[in-house]
Amino acid sequence: MATFTDYLKFKTKNRHEFINITPDVNRVIKKSKIMDGLVLVNPMHITAAVYVNDAESGLIKDFQEMLQRLVPTEGNYKHNLTGEDNAYAHMWRQLMGHQVTMPITDGELDLGPWEQIYYAEFDGEREKRVLVKIVGDRHCE
Amino acid sequence: MATFTDYLKFKTKNRHEFINITPDVNRVIKKSKIMDGLVLVNPMHITAAVYVNDAESGLIKDFQEMLQRLVPTEGNYKHNLTGEDNAYAHMWRQLMGHQVTMPITDGELDLGPWEQIYYAEFDGEREKRVLVKIVGDRHCE
Amino acid sequence: MATFTDYLKFKTKNRHEFINITPDVNRVIKKSKIMDGLVLVNPMHITAAVYVNDAESGLIKDFQEMLQRLVPTEGNYKHNLTGEDNAYAHMWRQLMGHQVTMPITDGELDLGPWEQIYYAEFDGEREKRVLVKIVGDRHCE
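Residue numbers (this note's numbering), protein chains in the order written: chain A, 12 to 152; chain B, 12 to 152; chain C, 12 to 152.
These are computed hints drawn from the structure, not numbers from a lab.
It cannot be assumed that every hint is accurate.
If several chains are the same, the list does not tell them apart, and a pair holds so long as it fits within one copy or across any two.
In silico DSSO-like cross-links for lysine-lysine, where the CA-CA straight-line distance does not exceed 30 Å [stated by the list, open to error]:
{"no.": "1", "residue 1": "Lys44", "residue 2": "Lys89"}
{"no.": "2", "residue 1": "Lys41", "residue 2": "Lys89"}
{"no.": "3", "residue 1": "Lys24", "residue 2": "Lys44"}
{"no.": "4", "residue 1": "Lys72", "residue 2": "Lys42"}
{"no.": "5", "residue 1": "Lys89", "residue 2": "Lys22"}
{"no.": "6", "residue 1": "Lys44", "residue 2": "Lys72"}
{"no.": "7", "residue 1": "Lys89", "residue 2": "Lys42"}
{"no.": "8", "residue 1": "Lys41", "residue 2": "Lys24"}
{"no.": "9", "residue 1": "Lys22", "residue 2": "Lys139"}
{"no.": "10", "residue 1": "Lys139", "residue 2": "Lys72"}
{"no.": "11", "residue 1": "Lys24", "residue 2": "Lys89"}
{"no.": "12", "residue 1": "Lys41", "residue 2": "Lys20"}
{"no.": "13", "residue 1": "Lys42", "residue 2": "Lys22"}
{"no.": "14", "residue 1": "Lys139", "residue 2": "Lys41"}
{"no.": "15", "residue 1": "Lys89", "residue 2": "Lys72"}
Computed from a prediction, not measured in an experiment: that's the story for all the values here.
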C-alpha cells in the first residue's frame with residue numbers, strides 16, 4: 012500500500028472561474044505510480060469547490076445562473092459584516108458539493124464517458140491550492 | 012492492503028427513478044473479502060447521483076419536489092441549446108451530492124439505523140453504470 | 012497499511028446546532044497512529060451533515076437562513092405524513108453535502124488556512140453518532 016500527495020496551485024484572473032483539472036489529476040496519479048486505489052481532490056480554500064460533471068460551456072453557465080438564483084452574490088449576509096464580501100461563495104461551494112473522491116484503475120482515473128473533474132473558483136484573483144491525496148497499490152493484483 | 016472494483020449496471024424504465032442499492036454494495040463488499048476499509052460508490056454518468064438517506068417513499072417524493080422547485084426540469088438552460096434536454100439533471104445531481112464514500116467494518120457496510128444507499132437516476136431509460144471501488148484490509152487487525 | 016475506526020457521540024441541547032469537530036477528528040487520528048492517508052467523517056444519522064467551511068458565527072447563521080429559504084422547516088412534506096416532523100432536515104443535509112473525506116499528512120489533518128470540519132445537527136436533542144474511519148500508513152514513506 013502506498014500514499015502520495017500533491018498540491019495544485021491556482022490564481023484565476025477572474026473572480027469566478029471553472030477550470031477542467033482532469034489532466035492535472037491524471038498527471039499526479041502517473042507521478043505517484045499508484046495503479047489502483049482512490050484519489051481525493053479537495054480544495055484547501057472554502058470559497059471554491061471541486062466537482063465532476065460535463066465539459067460543456069453552456070452547462071457551466073447554467074451552473075452559475077443556478078447558484079446566482081439560489082444564493083445571490085449580493086445579499087444581506089451576516090458573514091459580510093466581518094468585512095468580507097464573499098459569503099455567497101462559501102454557500103455556493105456547499106451546493107456544488109465541495110470535494111470529490113475518484114477511482115484509480117490501471118494507473119489512471121476510471122471515468123465514465125463524460126465525467127470530468129472541475130475546479131470551481133468562486134472568489135479568485137488570489138492564490139489558492141487544491142490537495143490531491145492518493146491511497147492505493149503500486150502494483151495491480 | 013487490497014483493492015477491489017466492480018460496476019453496477021442500471022437501465023431504468025422511467026426517466027426519474029430512485030433505487031436502493033445497499034444490498035448491491037454489500038454484495039460487492041462480500042465478494043471482495045475486504046473486512047475493513049472504505050468503499051467509494053460513484054455514478055459514472057453525470058445525470059445521476061448516489062446519496063445516503065432514508066428508505067421512505069414519502070421522502071423520495073419530497074426530494075423530487077425540492078429538486079423540481081429549485082431547478083425546474085423545463086427552463087431556459089444553455090446546455091439544452093446543444094440539442095440535449097437534460098440540463099436540469101446535471102444540476103440535480105450536484106444538489107443531491109453526486110457520490111458517497113462509506114465505511115466497511117467486519118466485512119460489511121457500517122451503517123447507522125436508517126442509512127441506506129440510493130442510486131438516483133435523473134435521465135434514465137438507457138444504460139448507466141455505477142463504479143464501486145473498495146480500499147482496505149482483507150484481515151481484521 | 013492500517014485502518015482505524017472511532018465513533019463520536021453527540022446529544023445537542025438545541026434542535027439545530029453547528030459544532031466544530033476538527034479537534035475531535037485530529038484526536039482520533041493521533042490515537043490511530045496513522046501518519047498518512049484518508050479520514051472519512053460520516054454522520055450515521057440522516058438528519059445531520061458533516062461539512063468543511065469557516066469557523067465564523069455569521070456564516071453559520073447565513074447557512075441556516077439559506078437552508079430555511081430553500082427548504083422551509085414547515086412545509087407540505089410527504090415524509091411528515093408518517094408522523095415525523097423532520098422532512099426538512101433530511102433535505103438540508105443533502106444540500107450541505109452529507110459527509111467529507113479529508114487528507115492526513117504527517118499524522119494530522121492536512122488543512123488549508125480556514126478549513127474546519129463541522130457537525131451540523133438539524134434534528135437534535137437525542138443521541139447521534141458520527142463515524143470516523145481512517146485508511147493509511149502508520150509510517151511515513
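How the hints compare with the structure:
no.: 1; hint: Lys44 - Lys89; result: neither (46 Å within a copy, 40 Å between copies)
no.: 2; hint: Lys41 - Lys89; result: neither (44 Å within a copy, 35 Å between copies)
no.: 3; hint: Lys24 - Lys44; result: neither (33 Å within a copy, 42 Å between copies)
no.: 4; hint: Lys72 - Lys42; result: neither (33 Å within a copy, 43 Å between copies)
no.: 5; hint: Lys89 - Lys22; result: both (27 Å within a copy, 27 Å between copies)
no.: 6; hint: Lys44 - Lys72; result: neither (36 Å within a copy, 45 Å between copies)
no.: 7; hint: Lys89 - Lys42; result: neither (44 Å within a copy, 37 Å between copies)
no.: 8; hint: Lys41 - Lys24; result: within (29 Å within a copy, 40 Å between copies)
no.: 9; hint: Lys22 - Lys139; result: within (6 Å within a copy, 36 Å between copies)
no.: 10; hint: Lys139 - Lys72; result: both (22 Å within a copy, 25 Å between copies)
no.: 11; hint: Lys24 - Lys89; result: both (27 Å within a copy, 24 Å between copies)
no.: 12; hint: Lys41 - Lys20; result: both (18 Å within a copy, 29 Å between copies)
no.: 13; hint: Lys42 - Lys22; result: within (23 Å within a copy, 37 Å between copies)
no.: 14; hint: Lys139 - Lys41; result: both (23 Å within a copy, 28 Å between copies)
no.: 15; hint: Lys89 - Lys72; result: both (27 Å within a copy, 7 Å between copies)
Of the numbered hints listed earlier, those contradicted by the structure are 1, 2, 3, 4, 6 and 7.
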